[in-house]
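Number of protein chains: 2
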Amino acid sequence: MARIYDQYVSKMQKIADIGHSIAVLSWDKEVNLPKGSAVRRSQQMATLSGIAHEEFTDPKFGKLLKRLLPMRTINDKERKNIELTLKEYKKATRFKKEFVIRRSQAISKAYHSWTAARQANDYNLYVDDLQNLIELKREEAKIIGFEQHPYDALLDIYEPGATVVELDQIFNDAKKGLKTLIREITSQKQVKSSFLKKYYPKNKQWDFGLEVLKNMGYDFNLGRQDISQHPFTTSFSSEDVRVTTRVDENDLGNMTWSCIHEGGHALYEQGLPSSEYGLPSGAAISLGIHESQSRLWENQVGRSKEYWSFMYPRLKKYFPENLKNIKLNKFYKGINKIAPNYIRTEADELHYHYHVLIRYELEKKIMDGSLNAKTLKTAWNRLYKKYLGVVIPDDNQGILQDIHWSHGSFGYFPTYSIGSFYAAQFFRQAEKDIPKLKQQLARGKTDKLLKWLRKNIHDHGQTYSAKEICERVTGEPLRFKYFMEYANQKFRPIYKLKV
Amino acid sequence: MARIYDQYVSKMQKIADIGHSIAVLSWDKEVNLPKGSAVRRSQQMATLSGIAHEEFTDPKFGKLLKRLLPMRTINDKERKNIELTLKEYKKATRFKKEFVIRRSQAISKAYHSWTAARQANDYNLYVDDLQNLIELKREEAKIIGFEQHPYDALLDIYEPGATVVELDQIFNDAKKGLKTLIREITSQKQVKSSFLKKYYPKNKQWDFGLEVLKNMGYDFNLGRQDISQHPFTTSFSSEDVRVTTRVDENDLGNMTWSCIHEGGHALYEQGLPSSEYGLPSGAAISLGIHESQSRLWENQVGRSKEYWSFMYPRLKKYFPENLKNIKLNKFYKGINKIAPNYIRTEADELHYHYHVLIRYELEKKIMDGSLNAKTLKTAWNRLYKKYLGVVIPDDNQGILQDIHWSHGSFGYFPTYSIGSFYAAQFFRQAEKDIPKLKQQLARGKTDKLLKWLRKNIHDHGQTYSAKEICERVTGEPLRFKYFMEYANQKFRPIYKLKV
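Protein chains in written order, with our numbering: chain A, 1157 to 1655; chain B, 1157 to 1655.
It should be emphasised that the hints constitute simulated quantities derived from the structure, not laboratory data.
There could be a bad hint or two in this list.
Chain copies aren't distinguished; within one or between two, either way the pair holds.
[Unchecked claim] List time: in silico EDC-like cross-link candidates among lysine to aspartate or glutamate, alpha-carbon distance up to 20 Å:
| # | residue 1 | residue 2 |
| --- | --- | --- |
| 1 | Lys-1191 | Asp-1382 |
| 2 | Lys-1185 | Asp-1382 |
| 3 | Lys-1185 | Asp-1375 |
| 4 | Lys-1167 | Glu-1210 |
| 5 | Lys-1236 | Glu-1254 |
| 6 | Lys-1191 | Asp-1375 |
Turn these sequences into a full structure, and let the hints steer you where they fit.
Pasting the structure below:
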């Protein structure tokens, strides 16, 4: 006899099939779409989104969830699935159709005016539509509901359970800790990284990128890499997880670390349990945890001396001319250069968190109403002066640089930083748990690390929350000090600072 | 005030969006899919198919159609859309869910055992599942309904309005006409085509294929070409029509004419009116008319002396070594070589129709019950001996060669031949209507021909049936004699036969 729980599973798998179909259309849009068909494609994706939404908010489904929740015939993992789905169901059904349409129109307008403003390098073209979207996001926070800060409602979308109270703590620690280290570093002689900006032919970069992915354990039987304007990872199931990269022939670093970063995301998705397809227990925990996987590979592994002591001779085979006079140590220092900049996506490992902090502070004020689109630019420029000591030269290199707000994604940025902080905390634990991890990396062996990530994080889907997984794996909640430890251990020797 | 007709349009566009999403998933499956994700992808496609079916067979939609049909506020074109949709609606709702599931399982089984039989080169592994599928197709014909022959019900799926009575006439004419010409040709000295089987590097073939498509007027802003195992054309709207090809480095002809053939299909799809998206008035008329477009480009244009008098010097630039000693006339003769063979897809322009005729005769008997899967192979081999004079060496080169039956596609094959016959009749009319068409082709100008096809055929979608469009364009119903005229005019000079 079929269990009632199976009805829930079928419904969730149906919705997942629709969602992943949208992801296929979206991937194809970024990778393959002929110029003339963007409008039609967006419409086709919107139709599927509408169907997925209808399926998910079906009142019968709500009743099924409420009926299942207290049942004794389901186990703990199943109950957790029902709980998490019911939370999403309640959130989704709180929005009236009228609001959803209004928000989607506002996003569409804001995105278009952001694009126009980028072209004209003029924030003024964007300000009204952004303000309109901000008002809707504040309305959205009220609809979702919150206990302390309206921003909490939006943070929860990307990082379930995250709050301003907690993030304030983390970012305050980060602000203080990073300030000292960065000040010491910038007083030292700068390292050179110009060798990364020589001419590196596209085909060879591409081939090296594939070697990097293979070395990480990315499974090409369950995915592929393609070229797109902005690198991304997408999953159509754990059996089809695709990454994209871009190749700048005058910047080797661009492809290399985007490849490792996306590879880290992809390993998480390929590692999610296939048997739990469509269910919370088969899905990634949060954007922060997702980012912890990409950052761990990108930085803890992919900018470590051990990793490159194995990989650098291989890289040299692709580009013997460019690198023949660059020794490993010089390469290692160059790829870890610290210098302030006004572009987040080009920031180094340390300054990066000031970029996020600035956005975090601004978003908090946007959400509590103390900033609006008109006053935002001045505040942006002021904070860049304050935290990074840079004068924003123009809007494109300032407030217009990120796409996120034009998509209505307020609350997204903090997940980048906490991802890095989780990465440091996880990696420290992995070093404890895996004998001679760094020596293994120095021999090109990444399999034990991947196995550790699978067992501790990937395998569980959303069965544990971000907080729970962090406690389970490291014995503690997320703490900034592990990132600081990592940063000191790495950068002090590079910059010849006292340890 | 919105018209009731607009509700119909919205519904049809929604269904089209789902259908085209399936097409994107299917294209991606053929072109990009990682090995390990075929099963999940099929499931995702099945989910969308189920949703599309539910949407289309929604009783409310049926009521809307019936209400709209007699309304005075709709124009003739709109009424034609409603009529055609209602016909499909009635057909779709005649099938009980139980039957649809049974059929889909039978197809799945038959496809798998066909694949296994192909691998073992043994028809016996396929025979039971094929018989099961045959029985279901006979049941399907009864459910659809027919006036004279059960086969008519299936023919109508692919070629609306086609019947055994008409096709018997056409194929009888073909059988007689072709027999004489082929007998005369095979008594002559054979032409040489071995130069096509030299080594032609993949990249250069690919580039030449793109040049061919551009020359035809295929719009790369509204489509793209990729590689797949079997060449095909797919459309996600008239703004995104994609073709695929395959490249055999030891056979230049394989890529070249599959490219032109698929290009012909694609020009039809790119030419369908974008404003009629999702409606019959924006869709291709029938498989026969579709095939007329591909065959016209492939044969009337793409195997003509005029076309190659322009294109051959260009081809030679790609492969100067291979072709330096081959003069245009020798090339032209070589690409029009006539010789019997047992593989349909490798057949020449004349023998091809015997391959189709054989399948037509067998399918008729399958449908009236005088043949079954067990007796089919003997009948197949006997007809190949009778019509083509060849002894089938094994099952893979005989009854197992086509995928169609394993998909349950009975009634599909005849559209290949009538497509060729329509092509000849249309092209003859185009030559009358377009001054100096052949001279234009000899100068590489295809735009007038494309414009003619657009105006006479593509622009109308399904507003006229195949029969109506043929009468409108050529003043006559489909007649085999125009193909015969074309064949005589072309092959008699090549083989030095009296005209």
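Do the hints match the structure? See the list:
1. Proximity of Lys-1191 and Asp-1382 under a CA criterion of 20 Å is satisfied in both settings, with 18 Å inside one chain copy and 16 Å between copies.
2. Proximity of Lys-1185 to Asp-1382 under the C-alpha cut-off of 20 Å is found in both arrangements, the shortest distances being 12 Å within a copy and 15 Å between copies.
3. Taking the shortest Cα distances, Lys-1185 and Asp-1375 sit within 20 Å of each other only across copies (18 Å), while inside one copy they are farther apart (23 Å).
4. Taking CA atoms no more than 20 Å apart as the test, Lys-1167 paired with Glu-1210 passes in both settings, with 12 Å inside one copy and 15 Å between copies.
5. Taking the shortest Cα distances, Lys-1236 and Glu-1254 never come within 20 Å of each other, neither inside one copy (31 Å) nor across copies (35 Å).
6. In this homomeric assembly, Lys-1191 and Asp-1375 come within 20 Å of each other (Cα to Cα) only across copies, at 10 Å, whereas the closest approach inside a single copy is 31 Å.
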